[in-house]
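**Q** Spelled out, the chains give:
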Amino acid sequence: MKIGVVISEGPYTHQAADSAYNFVKSAIAKGHEVPRVFFYHDGVNVSTRLSVPPQDERNIQINWTTLAKEHDIDLVVCIAAAQRRGLLDENEAKRQGKDANNIADGFRISGLGQLIEMGIQTDRLVTFGD
Amino acid sequence: MSVTKKFLYVNRKAPYGTIYALESLEVVLIGAAFEQDVSLAFLDDGVFQLTKGQDTKGIGVKNFSPTFRALGDYEVTKLYIEQESLDERGLTKDDLQEIVYEDEDDDWAEKPSIRVVNRAEMAAIMADQDVVLSF
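Here the protein sequences line up with chains A and B, keeping their order.
Each residue of the first sequence is one higher than the one before, starting from 1 at the first, in the numbering used here.
Each residue of the second sequence is one higher than the one before, starting from 1 at the first, in the numbering used here.
One chain only, chain B, in its complex shape (with noise of 0.2 Å):
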């Protein structure tokens, strides 16, 4: 497909206690495959979604945390979270797992994928964008 569009996955949910999180990481792999300009956002309670240490063993549902480290291989590599979302929830980037991709333009060098942003900047993205999906 020659059309490529920006496409931003807005993730404003807890990682468990419902399933949006989950089901919005089904379609950024799904979407992977159309080859589109792909952005992630994290804002609100969905900065949880990439803490590390996640441990679900006790709430009998499948952790899938590990999936974003995948996303680099997807050539996913913009995951964008917010600094306020964080502030607000005590978390700081050490908080959070890494994840990195390799960039095919630098020599294959790894770079991380995270990249924290703060309020007025995540609305820009918004506004940059074609398509937004909101979980």
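With the rest of the complex left out, here is chain A (with noise of 0.2 Å):
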């Protein structure tokens, strides 16, 4: 089965981006697909590569990133929740005259169509929130 992600709560703060890791973990090990993943409302802070939780913690971004590369999924986090909470990739940085950006390794910033097209191209939505 091909399932889709949402996760729309914030790293730490909420459970949601965890227990959508170790959802996405176990569906893959069980032969389902997860293509994309999609990061929306606060949901969108898991994608900064300049969080830095204590070493006896997990890291959950470092988490996506890795888990990402194994199994090659899309981690698109939403560009107008993401540029609210100042979450900006080169590109955008540049584009918004601002001097840093901070998205990290495997996220990639893109619009809210692809949750939708997430929703038309899976056999399952599945949201991660409060």
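Below 30 Å or equal to it, Euclidean Cα-Cα: the simulated BS3-like pairs (lysine-lysine) are:
1) B:K57 <-> B:K93
2) A:K98 <-> B:K62
3) B:K5 <-> A:K2
4) A:K2 <-> B:K78
5) B:K78 <-> B:K93
6) B:K6 <-> A:K2
Just so you know, these hints were derived from the structure itself, not from any lab.
If you're wondering where the values come from, they're calculated on a predicted model, not measured in any experiment.
Two chains, two separate frames, one set of hints: put the complex together.
**A** Structure representation (structure tokens):
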């Protein structure tokens, strides 16, 4: 089965990004496909490469980057939600005249159309939120 | 895109205080371009999103409630609102803004987009969907 995943709460404050991570790992292990994960609302904050959690804690961003590389998962960060919350890739930083960017490897910024497209193209859409 | 699925956007939260309602509406507007079968559901505090006379001057955020009236132009014409959620909050249909669409199958007659349904009907509407996005 093709499963699309939405993460709509921020890392560390909420469990959503962790639960989604465990869900995606398990789904793939059971033979399902997860072609894309869409980050929305505060979920976009998972994509910053500048978070530095204590060393004895999980690093949610690195977990996702690693999993995405292993299984070729498209990690899409909503551009509108990202811009509100200060998450920019190199192109957007330039375009907006900002002096830094912070999107981690494996994530890409794109539009909400990617969320709708995922809903159309997958068999199930699973949201991890509050 | 040839596949048409039934998309339901479920709105459970008050229009202000958190960003969920606004970012839900942003998905609805973008999603409209994909020509899917779109419905919106309003329940719990989400029913406040459709109230008329919203004034956000005092809280310094944008009043986005007029945007709901433009949904008809995007062919988003099914706004289901739950009767029990209205009742629990002391609201009636008269407290809601008027939202209409032009029915192209009926000589462009103006028809109301807001449809009040009870909890059981809302459950049936949800069960009938392909994709449910909850906000």
